[in-house]
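K.L.:
Chain residues, written in single-letter form:
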Amino acid sequence: MSKTYYDPDDLKKFGDIADFEPKLADKFFDYYGEVFKEGALTEREKSLIALAVSHAVQCPYCIDAYTQDTLSKGCSEAQMMEAVHVAAAIKGGAALVHGVQMMNKAKKLSM
Amino acid sequence: MAKSLKAQGHKLAKIEEQIKVLNGGDFESGDLPTFGQKIAEIGHAPLKPSKLEVFQINLGYMCNQTCAHCHVDAGPDRKEIMTRETMQQCVDVIAQHDFPTVDLTGGAPEMNPDFRWFVEQLTAAGAKEIIVRCNLTIILANKKYHDLPEFFKKHKIRVVSSLPYYEASKTDRQRGDGVFGKSIQALQMLNEIGYGKEGTGLILDLVYNPAGAFLPGNQASLEQDFKKSLMANFEIVFNNLLAITNLPISRFLDYLIRSENYQEYMEKLVDAYNPGAVENVMCRNTISIDWEGYMYDCDFNQMLLLKTDEKVGQHISEFDLDKINSRTIKIGQHCYGCTAGAGSSCQGVVA
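As given, the protein sequences belong to chains R and H, one line each in that order.
First residue of the first sequence? That's 5 in the numbering used here, and the numbers climb one at a time after it.
First residue of the second sequence? That's 53 in the numbering used here, and the numbers climb one at a time after it.
These are computed hints drawn from the structure, not numbers from a lab.
None of these values were measured; they are calculated from a predicted model.
Using N, Cα and C, we set each Cβ at its ideal position, and we do this for glycine too.
Possibly wrong hints are sitting among the right ones.
[As the list claims (entries may be wrong)] Stretch-level coverage of chain H by chain R, calculated; a stretch enters the list once three of its residues show a Cβ under 8 Å from a Cβ in chain R:
| id | segment |
| --- | --- |
| 1 | 217-226 |
| 2 | 262-269 |
[What the hints assert, rightly or not] Distance condition first, Cα-Cα at most 20 Å in a straight line; then the derived EDC-like pairs of lysine to aspartate or glutamate:
| id | chain 1 | residue 1 | chain 2 | residue 2 |
| --- | --- | --- | --- | --- |
| 3 | R | LYS16 | H | ASP83 |
| 4 | R | LYS41 | R | ASP30 |
| 5 | H | LYS279 | R | GLU47 |
| 6 | R | LYS41 | H | ASP83 |
| 7 | H | LYS103 | H | ASP374 |
Using the sequences and the accompanying hints, generate a full structural model.
P.N.:
Here is the structure:
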């Protein structure tokens with residue numbers, strides 16, 4: 005048993021989740037494949053969104069996969085970093101906007 | 053400027069070392085299936101030609117650039133170039149046959165002092181389409197090359213040029229400092245005399261290959277991005293973008309090993325194996341000639357010194373079309389590079 009929670013080689017085994025429960029895994033991977041197909045958004049746009057979300061959910065497997073995928077789809081390094089900043093801005097904003105809640109509560113409690 | 057592996061006396065300058073790496077590791081242990089095993093599954097072993105359509109001639113390994121990914125290990129320090137005698141042998145073969153395409157590559161083919169003479173002879177011999185794989189910067193490298201665009205136009209040459217990205221950073225990291233700027237200037241010169249423009253019949257194609265250890269994305273999408281960006285920033289137009297996968301040979305192999313990407317890159321190629329690409333893999337319709345006149349199934353086999361099957365002849369002086377069309381193509385693990393994803397060839401995707 006590996007002594008770390010994350011092993012880069014585990015990413016390649018993602019499909020193995022079907023070993024324990026094939027039906028739901030098949031549905032998920034079918035859905036996943038459909039999501040990333042060109043639609044109203046291009047595959048490249050979807051890949052950049054995935055890269056940003058990967059950082060927001062802080063998933064090392066996803067960051068690994070979507071760094072490769074955005075590079076393959078011809079994204080520039082600046083575009084990739086801007087996508088990460090979008091994630092950071094939303095994450096930061098999500099924390100800060102709760103400051104209003106704190107202020108409301110503080111005002112209610114204070115004289 | 054960086055030196056070639058050969059000039060460095062690098063271990064990988066020895067071809068047997070490259071073959072050893074390619075056949076070792078996960079292929080040796082059986083963790084990855086060999087290319088031969090994969091094509092046997094679909095009845096393509098041994099691999100046979102379809103019909104010879106592309107007569108590709110490598111005019112020599114001399115180049116004004118030393119690109120980090122070059123599978124030829126070309127550079128200014130390489131002196132191997134084709135003589136006029138060997139060129140004449142090629143012209144004679146082309147005159148006697150009806151190949152749709154003659155494809156001139158290198159190195160920088162234009163640096164061969166007999167390049168223009170050769171093109172004139174090929175035209176006179178009735179060559180239909182002539183491709184020159186022009187690295188763009190050669191046009192600006194020396195005054196004597198400044199009129200190359202005019203020369204190309206005169207002979208209706210299809211110009212195929214490498215540009216790994218539409219921005220300077222990635223391009224220069226792969227091809228050398230300042231290469232992007234000069235490439236843009238050269239493309240503008242080609243556009244100026246009609247290359248890449250609708251209605252002129254003068255074809256200007258760009259070659260995209262990834263600047264790193266990843267596979268090329270969708271060729272059509274990349275072409276759109278390139279067209280949009282090159283037009284918006286530099287008013288440059290071109291015809292087609294050809295997406296080519298980097299094969300693990302020579303300097304790209306060295307890069308993969310040094311950057312500790314080799315194993316993962318090979319896994320990626322094997323994972324992306326597309327049986328549909330085998331049908332149109334370029335060695336099935338191509339013959340590749342080296343500077344000494346030896347024949348190979350493709351330019352990659354040329355760099356690995358895998359000459360054509362002995363039984364059908366290995367030198368241009370022994371060229372026999374029926375024999376060439378019935379030969380067995382030599383394969384290795386590097387061949388996975390041409391069957392990954394949408395496939396890859398000197399003409400871009402194949403599936």
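K.L.:
Now tell me, hint by hint, if it's right for this structure.
P.N.:
Status of the hints after comparison with the structure:
For a cut-off of 8 Å, the count of residues in the segment 217-226 of chain H with a CB near a CB of chain R stands at 4, and the three-residue condition holds. Coverage of the segment 262-269 of chain H by chain R holds in this model, with 6 residues showing a Cβ closer than 8 Å to a Cβ of that chain against a need of three. Between LYS16(R) and ASP83(H), the direct Cα distance comes to roughly 14 Å. Compliance with the 20 Å bound is thereby established for this hinted pair. Pair hint LYS41(R) plus ASP30(R) holds up; C-alpha atoms about 17 Å apart against a cutoff of 20 Å.
For the given pair, LYS279(H) sits about 17 Å from GLU47(R) by alpha-carbon distance, which is consistent with the 20 Å threshold. Under the criterion of a C-alpha separation no larger than 20 Å, the hint pairing LYS41(R) with ASP83(H) is inconsistent with the structure, at around 31 Å. Using a Cα cut-off of 20 Å, the hinted pair LYS103(H) and ASP374(H) holds, with the two alpha carbons roughly 10 Å apart.
Violated hint: 6 only; the structure is consistent with all others.
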